[in-house]
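S.K.: With these hints in hand, go ahead and build the complete structure from the sequences.
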Amino acid sequence: MKTATLTILILLITSATILAQSPATLTLDTCLARAVSYYPQHKQRALIAASKEYSVEAAGKGYLPQLAVNGQATYQSAVTEVPVRIPGLAFESVAKDQYKIYGEVTQTIYDGGTIHQQQRVQEATAEVDDRKLDVDLYKLRERINQLFFGVLLLNDQIEQVRVFQRDLDTAIKSVEGAVGAGAALKSSVQMLRAELLSQQQRELDLRTARAAYVQMLGLFINMDLAESTVFVEPPFAALEDAIRRPELTVFEAQRKALSVQNDVITARSIPRIGLFAQGGFGRPALNMLSNDFDPYYVAGARLSWSISGLYTSSAEREVLNVQRSIVDVQQETFLFNTMLTLRQQRVELSKYEQALQLDDEIIALRAAVRASSNAQFLNGVLTTRDYLRDLNAEDLARRQRSLHRVQQLMAIYNYNTTSGK
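Counting from 1, position 31 in the sequence shown corresponds to residue 31 in the working numbering; the numbering is continuous, with no gaps.
The hints are simulated quantities; they were obtained by calculation from the structure and are not laboratory data.
Any given hint might turn out to be false.
[To be verified] Pair ranges (Cβ atoms, derived):
| id | residue 1 | residue 2 | range |
| --- | --- | --- | --- |
| 1 | L320 | S228 | 58 to 68 Å |
| 2 | S228 | L335 | 42 to 52 Å |
| 3 | K421 | T108 | 46 to 56 Å |
| 4 | K43 | A68 | 31 to 41 Å |
| 5 | D328 | A212 | 43 to 53 Å |
| 6 | R343 | R385 | 41 to 51 Å |
| 7 | G177 | N392 | 15 to 25 Å |
| 8 | L310 | A277 | 29 to 39 Å |
| 9 | I115 | N291 | 36 to 46 Å |
| 10 | Q66 | E318 | 30 to 40 Å |
| 11 | G113 | K421 | 33 to 43 Å |
| 12 | E57 | L349 | 13 to 23 Å |
| 13 | R343 | N379 | 22 to 32 Å |
Keep in mind the model is a prediction, meaning the values are calculated, not measured.
Here a beta-carbon is modelled for each residue, glycine too, at the ideal position from N, C-alpha and C.
M.R.: Now the structure itself:
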């Protein structure tokens with residue numbers, strides 16, 4: 001009881017936790033761990049533990065002496081009479097209205113393990129609930145992955161925009177010098193400045209999206225994340241093909257619970273032995289021929305055996321077998337669907353590998369074209385519009401590679417999340 005009370009107290013204190021300060025760096029593992037710890041549903045674990053402790057303790061009360069108080073008032077059509085007639089001696093007839101109030105104390109000596117099995121049922125039920133909670137919390141990983149890798153992708157895109165802006169700024173300075181010397185038109189500078197403003201607007205949009213991602217992630221991990229927080233890119237992890245998802249522990253816990261219920265059926269069919277003591281006040285008391293209100297008591301041992309379980313135990317066990325088969329089918333279905341998802345994710349990973357190889361080739365070609373265009377543009381051979389076209393083409397190629405690289409990294413972690421690594 002004290003442990004359960006302490007658990008609930010800790011739960012209440014945890015619910016009032018203040019947002020932690022922003023760290024200098026942040027890793028994916030830290031986000032995953034904190035997201036589970038601070039997610040509101042995590043508080044349910046303490047409640048499950050407290051509920052189990054209370055239930056097991058309540059079931060254990062069956063080992064303590066049990067007290068019952070009863071009372072009754074009856075009227076009966078016939079009473080006990082003395083069949084012998086003795087001249088000169090008359091026996092008082094027993095009244096047909098009779099009254100009794102009594103208390104009875106019973107102490108279980110042997111119950112066939114029924115109370116113990118009831119405690120096991122409560123523990124097994126709590127175990128199933130606890131494992132289901134693990135499944136619900138595990139689903140957080142996908143959401144945290146999306147937010148964390150979303151921030152990484154936006155970081156790369158912002159950096160690409162800055163590189164593009166630096167190229168534009170260099171071109172503007174060169175063209176401004178040419179305009180001053182009368183070798184270029186002022187409209188060329190205006191076109192470049194307009195493109196620079198467009199890229200600054202694009203950077204603003206990316207920063208706004210990043211701020212939204214960071215804010216949502218901060219709520220999940222209970223941190224007030226600053227814009228300066230560095231998100232550490234996780235390494236490329238090895239792929240895990242073995243399925244170790246928490247759903248498998250749910251199926252195992254359900255089988256254990258069914259096995260305990262089978263033991264309960266067995267325990268119900270075993271005779272019980274106990275002691276009892278009964279004391280009360282009534283008319284008649286133990287002397288059935290007396291019409292007086294008298295106290296009385298009775299004490300002894302009692303054997304009870306309910307044989308009704310013998311009729312139903314076979315059917316009840318068949319029901320448990322069916323339920324066990326249902327759990328097996330559910331596990332088989334889950335494994336099949338998980339394997340199917342893993343194969344689809346494998347195909348996706350292969351796609352990103354090929355895409356990155358093509359991206360490198362495309363970037364090399366676009367960079368060569370842009371370098372040539374830059375020289376021609378500075379020499380006045382290429383128009384500003386054509387130069388911006390080649391510059392945008394290289395920028396797009398680099399952004400595509402950045403996107404594919406982060407998508408590949410995210411796909412690897414999603415794959416391991418699906419397998420349960």
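S.K.: The structure should be examined with respect to each hint, and the outcome stated for every one.
M.R.: Against the structure, the hints:
no.	hint	verdict
1	L320 x S228: 58 to 68 Å	59 Å, holds
2	S228 x L335: 42 to 52 Å	45 Å, holds
3	K421 x T108: 46 to 56 Å	50 Å, holds
4	K43 x A68: 31 to 41 Å	39 Å, holds
5	D328 x A212: 43 to 53 Å	45 Å, holds
6	R343 x R385: 41 to 51 Å	47 Å, holds
7	G177 x N392: 15 to 25 Å	23 Å, holds
8	L310 x A277: 29 to 39 Å	31 Å, holds
9	I115 x N291: 36 to 46 Å	43 Å, holds
10	Q66 x E318: 30 to 40 Å	33 Å, holds
11	G113 x K421: 33 to 43 Å	41 Å, holds
12	E57 x L349: 13 to 23 Å	51 Å, violated
13	R343 x N379: 22 to 32 Å	55 Å, violated
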